Amino acid sequence: MDKLDSAIQTIHQMEDMAEENRFFCHIHPLAKVLVTLWYLVLVMSFDTYNLIGLAGMSLYLIILFVVGEVSVKTAFRRLRLLFFGIFLLGAANVIFDREVLFRLHGFAVTGGMLSMLSLFLKAGFAVLAAYLLMAGTTVNGMCHALRIMHVPGILVTLVLLIYRYLVLMLKEAARMRQAYLLRAPGQKGVQMRAWGSFAGQMLLRSMERAEQVFDSMTLRGFQGEFPFLKRRWRMRTSIVYAVSWGIALFVLRKFPIFYIAGGLL
Amino acid sequence: MHMADALVNPAVAGTMYVCSAALAGYSIKKVKMEDEPKKIAAMGVMGAFVFAAQMINFTIPGTGSSGHLCGSMLLTGILGPYAGFLTMTGVLLIQCLLFADGGLLALGCNIWNMAAYGCFAGGLLIWKQVMKKGVTRKKIISTSIAACIVSLQLGAFSVTLQTLFSGITELPFGVFAAAMQPIHLAIGLVEGMITAAVLVFVYEARPEMLWTGNIMECAPKERMSFRKVLAVLAAVAAVTAGGLSLFASQYPDGLEWSVERVAGSTELEAEGSIYKTAGQVQDKTALLPDYALPDDDSAAGTAVSGLAGCVIVVAVCTAVCYAFRFFRRKEQHG
Chain U
1 MDKLDSAIQT IHQMEDMAEE NRFFCHIHPL AKVLVTLWYL VLVMSFDTYN LIGLAGMSLY
61 LIILFVVGEV SVKTAFRRLR LLFFGIFLLG AANVIFDREV LFRLHGFAVT GGMLSMLSLF
121 LKAGFAVLAA YLLMAGTTVN GMCHALRIMH VPGILVTLVL LIYRYLVLML KEAARMRQAY
181 LLRAPGQKGV QMRAWGSFAG QMLLRSMERA EQVFDSMTLR GFQGEFPFLK RRWRMRTSIV
241 YAVSWGIALF VLRKFPIFYI AGGLL
Chain Y
266 MHMADALVNP AVAGTMYVCS AALAGYSIKK VKMEDEPKKI AAMGVMGAFV FAAQMINFTI
326 PGTGSSGHLC GSMLLTGILG PYAGFLTMTG VLLIQCLLFA DGGLLALGCN IWNMAAYGCF
386 AGGLLIWKQV MKKGVTRKKI ISTSIAACIV SLQLGAFSVT LQTLFSGITE LPFGVFAAAM
446 QPIHLAIGLV EGMITAAVLV FVYEARPEML WTGNIMECAP KERMSFRKVL AVLAAVAAVT
506 AGGLSLFASQ YPDGLEWSVE RVAGSTELEA EGSIYKTAGQ VQDKTALLPD YALPDDDSAA
566 GTAVSGLAGC VIVVAVCTAV CYAFRFFRRK EQHG
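Order-wise, the sequence lines are chains U and Y.
At position 99 of the first sequence the residue is numbered 99 (this note's numbering), and the sequence of numbers has no breaks.
For this note's numbering, count along the second sequence from 1 and bump the result up by 265.
If you're looking for bench data, these hints aren't it; they were derived computationally from the structure.
Hints are not guaranteed to be accurate.
Output of the computed footprint for chain Y on chain U, the stretches with three or more beta carbons under 8 Å from beta carbons of chain Y [unchecked claim]:
| # | region |
| --- | --- |
| 1 | 21–29 |
| 2 | 233–246 |
Footprint (simulated), chain U over chain Y, 3 or more residues, beta carbon under 8 Å [stated by the list, open to error]:
| # | region |
| --- | --- |
| 3 | 266–278 |
| 4 | 286–297 |
| 5 | 378–391 |
| 6 | 398–406 |
| 7 | 464–476 |
Remember, predicted model here, so these are calculated numbers, not experimental data.
Every residue, glycine too, gets a C-beta built ideally from N, C-alpha and C.
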């Protein structure tokens, strides 16, 4: 699957997930955004070598994945490419930081090793937290939350417009690509000599569609800002969600829960 | 050049959020002063175009590296620096949320590195100064390339600085920068050529659509309506997304390539002072004190104890969550 198909699939998957009738989807977007940001700040504030403490923050993700009924498999697919870049930076740490911090059965554990693992955990946690946020929140919902946070209307409208145009264009491009591949079996992509005609066709077709979209928006009374449909969020649950997670995450950050639990053994 | 959350600490991330928000606030004020209702549609289409273009990594011959389009200069050439900056902000937000391209916490950094330099350094300081005396094809091509190179160089340097101040990597600053800058020079050149091609197309179709900082001197040619040009730009976005994506490079991008190249060398030596400073900043900005691991046996024991605790707590929490889900489902069905 190429990037184009993958992008379309990702958008549809996220939209479908966010609109499902799950507990997590009924929480107000603002509560979810605030909790996610709080979580990210706390995770990134951990010291490089505090791996156990950092691992404690995984509880947030585990609980949301299980209670929110979100697919772990799909989420982990997102981490593949990210981990490649992080691995390169982490590998540099292993090379440059060779100070032995402690030994496990004779195996010397260096600062570079810990900092590399720490980078992996932080990167993974951050991506999964953002994924969980979007798995239960539509782009409309996110924009609604941004408006409540007093992000200017022009910026929010812009995000919604880009999102709408993008889906349209990706679908159009995918149809044309499929038509080309059916006429040119066995080819991996569009040959250079066909670029002109391929691009020209796509351009004409997209022009028609883009004009239709723009006209329909105008006809439906678009005056520079999209109105947000008022959805019945579970307000009380949302407040409890935000407050309880705010406190729980702080406790996880402040107290070495895992060390305490390990000490009980 | 998208930075992940793991590459920045909260202090750096917060600072860059504030800087980017200040620029966004100023840009909104400027766009509102222009009072062009149609512009928002143009911004939406152009944003989708840049989004599509950024899905592609361009292979740079001879280096084994590739980079993707940073469309801030392109947006500035059409919409002006302020609207261009806001559009890029929107694009980066969507990329971050839907495609995990760049972190949510690092969004301020990414806006600064990929939008601010292109729109303000490339757009205001280079593009505007050259174009205010009249627009020609040659000027568009040379200015686009120059502005893209400058903005990418500044962006790459910022990535290096932000990573350094976050204290994330052990890479020496000089080595990291020396690896980042040349590769982004090549990427800037590629980006400049693509930007120039699109801007020349717009110049041919509707020259008055180009932003020059003042009223265009050349006579407008009634070849296409405003709406049609918007549609063409939208179509170009679709072409870029659909057609060229088929040829998207599988190679790592410039940042990854730079790090790989540096990490592969074993002759490099770490410079200590700047890391100490970064460490002190990290210590002061950390919300709470952390637990150090000294080089002795008790430290290993503590680590094992912590690890065991970790397994227990995670197992208990997961079991409780599944139990919660089981009883909730039962309640719903019953």
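The hints, checked one at a time:
1. Residues of the region 21–29 of chain U lying with their CB closer than 8 Å to a CB of chain Y number 1, which falls below the three-residue condition for coverage.
2. Residues of the region 233–246 of chain U lying with their CB closer than 8 Å to a CB of chain Y number 0, which falls below the three-residue condition for coverage.
3. A stretch counts as covered by a chain when three or more of its residues have a beta carbon under 8 Å from one of that chain; for the region 266–278 of chain Y and chain U the count is 8, and the coverage holds.
4. With a threshold of 8 Å between beta carbons, the proposed coverage of the region 286–297 of chain Y by chain U holds, since 5 of its residues qualify and at least three are required.
5. Coverage of the region 378–391 of chain Y by chain U is violated [criterion: at least 3 residues with CB-CB distance below 8 Å; count 0].
6. Taking a C-beta to C-beta cut-off of 8 Å, the region 398–406 of chain Y contributes 0 residues in contact with chain U, too few for the three needed, and the coverage statement is violated.
7. Here's how the region 464–476 of chain Y fares: 0 of its residues keep a CB closer than 8 Å to some CB of chain U, so the rule of at least three is not met and the hint is violated.
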